[in-house]
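Colleague: Start counting the sequence shown at 1224; every next residue gets the next number (the numbering used here).
Rather than coming from a laboratory, the hints here were simulated on the basis of the structure.
Keep in mind that the hints are not guaranteed to be accurate.
Below, computed lysine-lysine pairings styled on DSSO-like, alpha-carbon distance capped at 30 Å [said to hold, decoys possible]:
id, residue 1, residue 2
1, Lys1257, Lys1237
2, Lys1237, Lys1260
3, Lys1306, Lys1296
4, Lys1272, Lys1260
5, Lys1257, Lys1269
6, Lys1299, Lys1309
7, Lys1245, Lys1260
8, Lys1296, Lys1309
9, Lys1237, Lys1272
10, Lys1299, Lys1269
11, Lys1237, Lys1296
12, Lys1269, Lys1245
13, Lys1272, Lys1245
14, Lys1272, Lys1257
15, Lys1296, Lys1272
16, Lys1245, Lys1257
Have a look at the derived ranges for each label pair, beta carbon to beta carbon [what the hints assert, rightly or not]:
id, residue 1, residue 2, range
17, Met1263, Pro1298, 32 to 38 Å
18, Asn1315, Lys1245, 54 to 60 Å
19, Met1236, Lys1306, 20 to 26 Å
20, Asp1246, Phe1303, 50 to 56 Å
21, Arg1264, Leu1324, 41 to 47 Å
22, Asn1315, Glu1244, 52 to 58 Å
23, Ser1247, Lys1306, 32 to 38 Å
24, Ala1293, Ser1247, 27 to 33 Å
25, Ile1327, Ser1247, 22 to 28 Å
26, His1235, Cys1316, 40 to 46 Å
27, Ser1247, Tyr1308, 34 to 40 Å
28, Thr1266, Thr1295, 18 to 24 Å
29, Thr1266, Tyr1308, 17 to 23 Å
30, Asp1225, Glu1313, 30 to 36 Å
Ideal Cβ placement from N, Cα and C applies to all residues, glycine included.
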Amino acid sequence: MDLQVERIFYEHMKNDTSFQEKDSVLSMLFGTHKYTKHEMRDTWDKGIKLGISIGLRSATIEGQTIALNANTKNPKHIEFLEKFYKLADEYNCAIQYHHELGMIVVSREKL
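Could you put together the complete structure from these sequences and hints?
Modeller: Shown next, in the form of structure tokens:
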């Protein structure tokens, strides 16, 4: 996994306690576990990280635009984004996240 996935995972899951709670007395007496809590927690973490990675890879340009617009509060930044979108439309291109290369310029021409 790359560092961006690890950072996003940590930000969103730092307070998650899934599969870390203590067993009840009844489950300790009568329950048998095929997997330890540590194994279940590790599988849970890997699943979340895989989901983040897939989400980053499949993000559309439009989805990334919506995220940028929603996260931009400063008027100067909003103005920059508006000018950038006009310029990108004029040149028929966009900047998009690629899971292996990072940010790249892509053509928006319909083939």
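Colleague: So, for every hint listed, does it hold in this structure?
Modeller: How the hints compare with the structure:
1. Lys1257 - Lys1237: holds, 26 Å
2. Lys1237 - Lys1260: holds, 17 Å
3. Lys1306 - Lys1296: holds, 16 Å
4. Lys1272 - Lys1260: holds, 18 Å
5. Lys1257 - Lys1269: holds, 19 Å
6. Lys1299 - Lys1309: Answer holds: Lys1299 to Lys1309 is near 16 Å, not above 30 Å.
7. Lys1245 - Lys1260: Answer holds: Lys1245 to Lys1260 is near 9 Å, not above 30 Å.
8. Lys1296 - Lys1309: This hinted pair holds, its Cα atoms lying about 19 Å apart.
9. Lys1237 - Lys1272: holds, 13 Å
10. Lys1299 - Lys1269: violated, 39 Å
11. Lys1237 - Lys1296: holds, 26 Å
12. Lys1269 - Lys1245: Given pair Lys1269, Lys1245 holds - Cα atoms ~21 Å apart, limit 30 Å.
13. Lys1272 - Lys1245: holds, 24 Å
14. Lys1272 - Lys1257: holds, 23 Å
15. Lys1296 - Lys1272: Given pair Lys1296, Lys1272 holds - Cα atoms ~29 Å apart, limit 30 Å.
16. Lys1245 - Lys1257: holds, 16 Å
17. Met1263 - Pro1298: 32 to 38 Å: violated, 48 Å
18. Asn1315 - Lys1245: 54 to 60 Å: holds, 58 Å
19. Met1236 - Lys1306: 20 to 26 Å: violated, 36 Å
20. Asp1246 - Phe1303: 50 to 56 Å: Holds, at about 54 Å.
21. Arg1264 - Leu1324: 41 to 47 Å: For Leu1324 against Arg1264, whose Cβ atoms are near 32 Å apart, the range 41 to 47 Å is violated.
22. Asn1315 - Glu1244: 52 to 58 Å: holds, 53 Å
23. Ser1247 - Lys1306: 32 to 38 Å: At 59 Å between Cβs, range violated.
24. Ala1293 - Ser1247: 27 to 33 Å: violated, 42 Å
25. Ile1327 - Ser1247: 22 to 28 Å: Violated, since Ile1327 and Ser1247 (Cβ atoms, about 51 Å apart) do not stay within the stated range.
26. His1235 - Cys1316: 40 to 46 Å: violated, 31 Å
27. Ser1247 - Tyr1308: 34 to 40 Å: violated, 55 Å
28. Thr1266 - Thr1295: 18 to 24 Å: violated, 37 Å
29. Thr1266 - Tyr1308: 17 to 23 Å: violated, 41 Å
30. Asp1225 - Glu1313: 30 to 36 Å: holds, 33 Å
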